[in-house]
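Two chains, two frames, some hints: make the complex.
Chains as they are written, first to last, in the working numbering: chain A, 48 to 461; chain B, 193 to 260.
Simulated from the structure, these hints should not be mistaken for laboratory data. All residues carry an ideal CB built from backbone N, CA and C; glycine is no exception. You may find that some hints are simply not true.
Label-pair distances were calculated between CB atoms; the ranges are [to be verified]: (1) A/K60 to B/D214: 52 to 58 Å; (2) B/K233 to A/V196: 20 to 26 Å; (3) B/R249 to A/A429: 44 to 50 Å; (4) A/Q235 to B/K233: 55 to 61 Å; (5) A/E289 to B/A236: 39 to 45 Å; (6) A/Q143 to B/D230: 50 to 56 Å; (7) B/K233 to A/E205: 37 to 43 Å; (8) B/K233 to A/K136: 48 to 54 Å; (9) B/D214 to A/A429: 50 to 56 Å.
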Amino acid sequence: MSTAQIPPEIRAKIPDHVPTELVRPAGTMMFDKGSNTCPYDRMSQMHGGPRVFYRAPSSDPFNPQGAWVVTRAEDIRAVMQQPEIFSSKALTGFPQLGGENFDLVPIEVDPPLHGKYRALLNPMFSPKAIGAMEEGIRTRAVGLIEKVVANGRCEFVEAFGRPFPVSVFMQIMGLPEADTGKLNEWEQGLLHSPTVPERQAGARGFLKYLRALIAERRAMPTDDLAGFAVSTEMEGRPLDDEEVMGVYYLMVVAGLDTVAASLGLHFRHLAQHRDLQRRLRSEPSLIPDAVEEFLRRYAIVTTNRTVTKDIDLAGVAMKRGDKVTCSTILASLDPAEFDDPLEVDIERSPNRHVAFSYGPHRCLGSHLARRELTIAMEEWLARVPEFHIAEGEDVPVVPGQLLSVDALPLEWRS
Amino acid sequence: MKIVVNHEKCSGHARCFAAAADFFVLDDDGYNRMPPTDVPKALAEAARKGARACPERAITVVEEEAPG
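Pulled out of the complex, with its shape left as it was, chain B reads as follows (with noise of 0.2 Å):
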């Protein structure tokens, strides 16, 4: 699982962050600059809950199957 946020459209409203701050992580200014990332199993639900959290659908989440 990955999760893909849409930079343009990050308007640092910092939900996500509010959300899950064990999993997102903000810039100084409170914008979220992540590149794709992987989610650990045990936060999967807490990425969920922070992209659900974002105004401006600015998150994805990128629920891939493993290989094989």
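Isolated chain A, as found in the complex (with noise of 0.2 Å):
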């Protein structure tokens, strides 16, 4: 990698304050689709290089800006851990996609705002709310596992992983079955369409429904969390719509697309390793310890930070404005902090990974999306027999702002 492969009319955009020596051009992080290099094994090998590095700007609509790439975990907690100078006001750039304005809720919140949401949501995410929910997650898992098994393969992608997340997101926010098909459809659009079109396609189907959904539950008050959002209170007050749209979309692009994203990898990995596959259903109790590990070794999301007062970090000077990427895949296979991190090994002690980031914005699906992995994986060794990748096909790990498998041909006997 080399400052001589960027163009000079790229260069000029670049801060004066960015080092010359760190900048790097903009394919190098997992968006370059062009290379055959597994996005983890590429990210590994960052963390023998600088500290921090500068990705210059690019001509990617979805990442026109170039951005300070900070690649040590210890540098990563210390932006996440600093929000009130490392702000996430349109992080994600989905509400502008449909033509909107409103911030995601409360992703997109910096404190103390941020808190006063989160203290709202809370409670509907976390353990003992999650705990509640088992026995309807259990049930969607099974339905979609019954509906394959005695067939002896399947597309996993197709057949559990995307369709599940989904199903259990109806079941949150109190939608009807015959939904389903319209959702699985936008968030193909929303999350997947390589052009800007589709994209936008799926963004306005999701806000569509999303605004009506709004004004049948302010119509009539229902108990699930579509419910909740247009009837509780903060400060007093109910939310308005831009705020409720902010937790319905909120729960949209998070919901889904990074529960599926980690399945089919985590599912790859079992269909890859028989000898692990044995192990756990010989021992189910191992289950949510493996979990753990295969949401440190596979962390999928990147995400973005802006930087609202000049601060030095990582050795060098990041002045407000700056964006700074972080990787949680990076933070989660930092040498420093993980021996062997490109190792699965499910005993790995301590194993306190970021898959689902530091901080205040710590993933409020996070206890939702562990139970989530936790029953596919058990009911899938429970019901099905030993898994492997159809003979003669490659399942690569495909570059973007989120890590996945594109598709997942499993057999096994029938």
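Structure, rendered in structure tokens:
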């Protein structure tokens, strides 16, 4: 990687305070679809390079601005634990894709307001609340497995990885089964299409649906999350439509694809490591630890922050307005914090990974995600014989804002 | 021996509880609001394990010598 690869018109857009020797081409992260190397391998190599580098601006509409990329877990932690300096405003760009401007609530809100929204939502996603959802989640997992188990094969992402989190999302929000097809289609468009118009169509589909949902729940309050968001009060007043939209839309973009991506990656590993499968089948009590280790090894999220106040971090001077990219993958594979980070060791202890981020924005859905992933593994290993990837099929990890696999063809004896 | 929790750093990962449910107590939202708490001898290893499990490094173990 050398700065000579950066064209002059791009180099002109790089702020003066960025040291030239730390600039890297725009494709230097997981966005570069041209490479054959697994994004996880490529990311883990970065720990041998500078503590922080500056990714040049690009022509990618989803990532036009250059950004500092912090590579060490310690520094990523420092960024995420200081929201007063590293702001989350507009960090996803999703509302803007649909032509709107609301904040996703609470992920794009800074403290002190962040804490107030978070306090409203925490109870619905607490370990206790998620515990109460267990039966419903398990029933949904079993239903999807039973559709394919007799076939001796399936394309896992389509048969389970995507529909399972959508189904749980519908359970939480209180949405009718009949809407599943529509939601799946918009999810596909918004979060997977390579073109901007298709993403916009997905965004708009969701926005229209969710606006109708707000009106419906205001007219007739319900017990689910959708109803809760319209009836709850913050500082003595109900949330307005923009705020409710912010909550609903976050549930969509945060709850669907993330779990689906994790499922694909976890089951790919299981399919490629049948000795581990056997061990977990004979000792299912190890599954929660296995899920934690998979969350670490196959962290998926890259997020961003904007500097609000000049600060020295990771040995460089960052200025107000700079963008900072924090990769949970880089943090979770840091050899300074994890021995043999690319090895899956389900007995790894301590395993304080950062798949769910650090600081006040720690993933609200983390306890739900863990339950979904654990239940999925428990039910698949209990009901489906030892599975492997279909002969001759390659399942590469796809680079992107979220790491994932596109398809996972599995086979087993039926 | 005592554990001290930095409540500002606790982000509700609930890993302390997952590692040592016998010792750590979470509030209804899944956050650790424990005051500085003495650790019974029998739970010393559990307390250390839970403290080490915290991604935020919010839990400190104070290994005290008994007086005298």
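Tested hints:
1. In this structure the supplied range 52 to 58 Å holds for A/K60 paired with B/D214, their Cβ-Cβ distance being about 56 Å.
2. At about 50 Å, the beta-carbon gap between B/K233 and A/V196 misses the expected band of 20 to 26 Å.
3. Checked against the hint of 44 to 50 Å, the pair B/R249 and A/A429 fails, with Cβ atoms roughly 37 Å apart.
4. Between A/Q235 and B/K233 the Cβ separation comes to about 56 Å, which falls inside the hinted range of 55 to 61 Å.
5. Between A/E289 and B/A236 the beta carbon distance is about 51 Å. The supplied range of 39 to 45 Å is therefore violated.
6. For A/Q143 and B/D230, the hinted distance range of 50 to 56 Å is satisfied, since their beta carbons lie about 52 Å from each other.
7. Roughly 54 Å separates the CB atoms of B/K233 and A/E205, a value that falls outside the hinted 37 to 43 Å.
8. Distance hint check: the CB atoms of B/K233 and A/K136 are about 49 Å apart, consistent with the given range 48 to 54 Å.
9. Restraint check, B/D214 to A/A429: a C-beta distance of roughly 28 Å breaks the suggested window 50 to 56 Å.
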